[in-house]
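Visitor: This is what each chain is made of:
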Amino acid sequence: MADFLLELLSEEIPARMQAKARNDLGRLFAECTGEAGLQTGAIDVFSTPRRLALIARDVAEATEASREEVKGPRTSAPPQALEGFLRKTGLRQEQLEERDGVYFAVIERAGRPAAEILADTISRIVAGFPWPKSMRWGDGTLRWVRPLHGIVAILGEDIVPVEIDGIVSGATTVGHRFHHPGDITIGGAQDYVEKLRACHVIVDQEERERLIREGADEAAREAGLKLLADEGLVVENAGLTEWPVPLLGRFDSEFLDVPREVIVLTMRTNQKYFACTNEDGLLAPAFVCVANVAAKDGGALIVEGNRRVLAARLADARFFWEQDLKVPLEEQAKKLNGIVFHEKLGTVADKVERVAKLARWLVERGVIQADTNQVERAARLAKADLVSGMVGEFPELQGVIGGYLAEAQSEPQAVADAVRDHYGTPGQPASAAVALADKLDTICAFFGVDLKPTGSKDPFALRRAAIASIEIIVRNGLRLSLTQAVRGALANRAAQVSDATATHRLDGTSEELIEFFAERLKVQQREAGVRHDLIDAVFALGGEDDLVRLLARVNALQSFVETEEGADLLTAYKRAANILKKENWTGPQVMSSREEQGIPQTGEEDPLVLVEEPGLKEAVAEIASGSAGADLPEEKALIAALNAVEREASAAVEAEDFTGAMAALASLRRPIDDFFDHVTVNDAEAAKRERRLNLLMRFRDAVNQVADFSRIEG
Amino acid sequence: MSLSFQDLILTLHRYWSAQGCVILQPYDMEMGAGTFHPATVLRALGPDAWRAAYVQPCRRPTDGRYGENPNRLGHYYQYQVVLKPSPDDLQELYLGSLAEIGIDPLKHDIRFVEDDWESPTLGAWGLGWEVWCDGMEVTQFTYFQQVGGFECKPVTGELTYGLERLAMYIQGVDNVFDLRFNDAGVTYGNVFLENERQGSEYNFEVANTNRLFQAFREAAAECELCIERKLPIPAYEQAIKASHVFNTLQARGVISVAERQAYIGRVRDLAKAACEAWLERAG
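So the protein lines, in turn, are chains A and B.
Position 693 (the first sequence) corresponds to 693 in the working numbering; numbering is contiguous.
Just add 714 to wherever you are in the second sequence, counting from 1, and you've got the working numbering.
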């Protein structure tokens with residue numbers, strides 16, 4: 001057994017691709033050697049900007065020889081079958097064995113030497129590597145992420161010979177581009193990492209990440225500052241350097257007038273610098289860059305160069321910022337009618353109009369307690385920064401820039417906050433109103449023109465918008481009928497285009513939307529550990545589109561069914577429901593006759609309202625309650641319990657005390673268990689049977705006041 | 715003393731001349747980037763080897779700042795090198811040119827940072843990097859994969875140096891107008907400041923948009939005429955002209971977002987047709 005080293009040397013691999021490339025290298029290597037039956041021990045993968053490498057420990061010398069017997073056609077089969085079998089196995093007829101009238105082929109494979117398999121593996125890896133983007137170079141046909149220059153392939157101490165498009169494997173590679181120009185020779189897996197380190201290349205990306213993380217922190221600390229940790233930058237800089245050297249530089253503090261986010265973002269995205277704060281957490285006029293060289297002068301020239309580049313960028317940012325400050329947001333907002341929101345949905349100005357209306361409605365309806373005029377103003381200014389120079393340069397700062405500009409023009413804090421936070425899921429009332437209205441409008445507008453998410457495609461991120469809407473509603477405890485809100489949003493858009501057909505479709509679309517939200521709610525709540533069957537059980541009641549109440553029910557239900565009492569009650573419920581189903585029992589005969597009379601049933605009517613005759617009314621009530629003629633004590637006890645529980649549970653539901661409702665239901669557990677233990681439902685006497693079935697139905701319906709228990713799993 | 719602006723150019727000329735490049739003079743047409751030069755676009759197509767280096771003035775009307783911004787210009791210079799097929803040691807050759815102009819890679823931080831290049835108006839794309847020197851982008855380094863919608867076989871390696879930036883870096887100057895143009899006391903500002911002022915005023919405020927729209931249509935028509943007559947080079951020149959007129963119209967702010975795509979598409983079609991005619995003519 002020996003260790004195997006593979007290095008693929010290329011021109012600079014994009015930093016963002018390296019993590020996946022390492023994974024792919026390890027996976028492909030394991031797959032190829034695995035298919036060939038070559039045993040290996042642990043596999044380590046490495047990357048630097050210029051190389052992808054792999055070390056496999058304890059590679060077997062060869063694959064084991066194998067013997068495989070393949071069953072062929074019967075000897076009596078037509079000759080074509082035999083010919084086919086010989087073709088498939090590559091054998092001649094006299095090499096086959098014959099047993100019990102059947103041909104067998106014995107295929108023996110000699111063990112293959114590891115080097116041969118490894119050479120194949122390398123060719124396959126290079127040919128099929130799943131780079132996100134690959135290229136050709138020179139006059140070759142090979143594809144790689146950037147030009148591939150060398151292959152180091154050493155098993156133990158021997159080179160694994162392989163040639164790919166003119167690149168011949170060997171033992172030579174290169175060290176750091178500037179510290180160690182020229183070739184270096186690797187002995188094998190055992191000295192690879194250390195030989196490269198001696199040539200200013202740290203092969204292990206995790207070690208480089210650590211050096212950057214700790215070095216940047218140290219550089220800031222030495223200057224009396226605190227580094228703004230940024231793991232994404234650590235990884236990216238590790239992907240850009242073979243010999244990382246973090247260096248601290250400073251910039252002119254006059255640039256601190258520019259919004260902090262702009263400075264941090266410029267440094268991060270354009271320059272890949274870390275930002276620093278002072279002791280109070282305020283942004284400090286300093287940066288940490290990561291050089292790829294231990295410079296002769298300790299990095300003074302590098303820091304000075306980087307400072308100047310940053311100064312030019314910040315000067316540009318400040319120019320845009322100062323220009324933006326000169327234009328009031330309401331002036332900017334006017335330009336939104338020149339920006340198309342979506343070709344089927346008008347301009348951003350149209351959208352702003354709808355959002356303002358919906359946000360106002362949310363406040364006027366009492367869903368959100370906030371100043372109506374402030375909410376409307378925030379909604380009207382919320383998108384104005386889209387035409388600012390700053391957002392033009394840094395689109396990811398939409399909202400943030402608007403917030404700063406609103407503050408600068410002395411808008412009330414609630415307005416500025418709402419402008420800044422409306423893309424997220426804020427908790428401030430005015431912000432929540434604008435944020436929710438914005439998201440509901442987007443979702444409804446796209447559904448209204450039939451641009452809905454399908455399968456894995458959701459080009460307008462409507463699923464994310466729905467999840468965010470749910471979060472806003474739940475986090476802020478907003479009580480609203482989602483159906484009403486959705487219909488309002490749809491109607492707003494229909495009014496803008498005076499589209500009669502859109503109004504026609506309103507019912508259908510709003511139903512689709514509620515289903516869409518229900519699905520998203522399940523996804524969102526699953527992450528919070530809420531069972532989807534319980535959400536289904538509550539949705540199945542119908543008419544529940546107040547998400548706060550719905551989740552209160554679901555949560556109470558979940559706590560309940562996870563207790564022993566709840567589980568028992570669920571069992572009893574299922575037993576009752578099964579009996580009713582088996583007996584095809586739909587209720588007291590008096591009731592079903594009403595259906596026969598053609599009176600439409602909605603399920604909500606008082607079963608007694610149509611019964612006028614007072615004497616009959618009592619009798620019917622008795623039948624309906626199942627109490628008429630009850631003879632066994634367990635029957636009577638259940639009736640008594642139901643009488644109390646029905647009232648209690650429905651009062652609790654009314655008061656939205658779902659835990660109370662569950663507690664009331666829990667008290668049915670003993671009487672229903674006793675009932676099942678001692679009462680025969682299917683009594684030979686028809687009246688008794690009918691009475692007891694009615695009683696079970698009453699029990700089922702009592703439980704169903706809180707949720708449709710038949711939807712609950714387990 | 716560090717290189718003056720003109721010595722920087724002369725040094726690069728000598729260096730790339732020694733690498734077997736044809737040293738060309740700037741193309742006599744307005745264009746937004748050195749890539750547009752036929753010595754890059756057309757020569758990148760077809761099987762023949764080619765090496766060239768040249769300075770190309772670039773006009774980007776929307777980038778003009780009336781001479782008031784120390785880093786932005788509406789007219790500036792690119793130094794362009796194309797090597798076809800791209801040699802295996804292209805990175806080393808490039809780094810050699812940096813050493814030649816006085817950048818010591820053990821004192822400075824030279825990095826190749828992913829930057830894929832695409833020109834929607836040329837139907838062209840390639841993979842490569844922007845080369846950083848101490849955090850500043852000094853060169854665009856690209857391996858062409860497609861031009862005019864056609865595969866590049868063999869692949870051309872393209873280096874585009876931003877000359878002003880590079881000179882500012884070498885001379886340690888913070889304002890482009892303070893660059894030493896030569897070693898006889900002439901600054902970049904002496905040569906170009908007034909051009910920037912007048913150019914910005916013309917591009918942003920004066921240019922007659924009706925005549926520009928007319929010029930766009932005429933260039934497009936001439937391009938099509940040349941294609942019909944199988945004259946790819948004049949056809950391509952007219953595509954360059956249309957592209958520049960479009961850039962000026964953009965600076966005047968008279969092209970809406972929706973129209974913008976349509977204009978880019980129109981220029982691309984012209985450029986593609988010229989490239990196709992070039993390949994046909996090359997056989």
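Hints may be right or wrong, so weigh each one.
Stated by the list, open to error - Taking lysine-lysine pairs in the DSS-like style, the calculated list, with each CA pair at most 27 Å apart, reads:
#, chain 1, residue 1, chain 2, residue 2
1, A, Lys133, B, Lys821
2, A, Lys272, B, Lys821
3, A, Lys133, B, Lys986
4, A, Lys582, A, Lys522
5, B, Lys821, A, Lys296
6, A, Lys272, A, Lys20
7, A, Lys457, A, Lys582
8, A, Lys344, A, Lys522
9, A, Lys195, B, Lys821
10, A, Lys522, A, Lys457
11, A, Lys296, A, Lys272
12, A, Lys226, A, Lys195
These are calculated hints, taken from the structure and not from any lab test.
Visitor: Tell me, which hint numbers fail for this structure?
Guide: Hint check: 1, 4, 7, 8, 12 fail, others pass.
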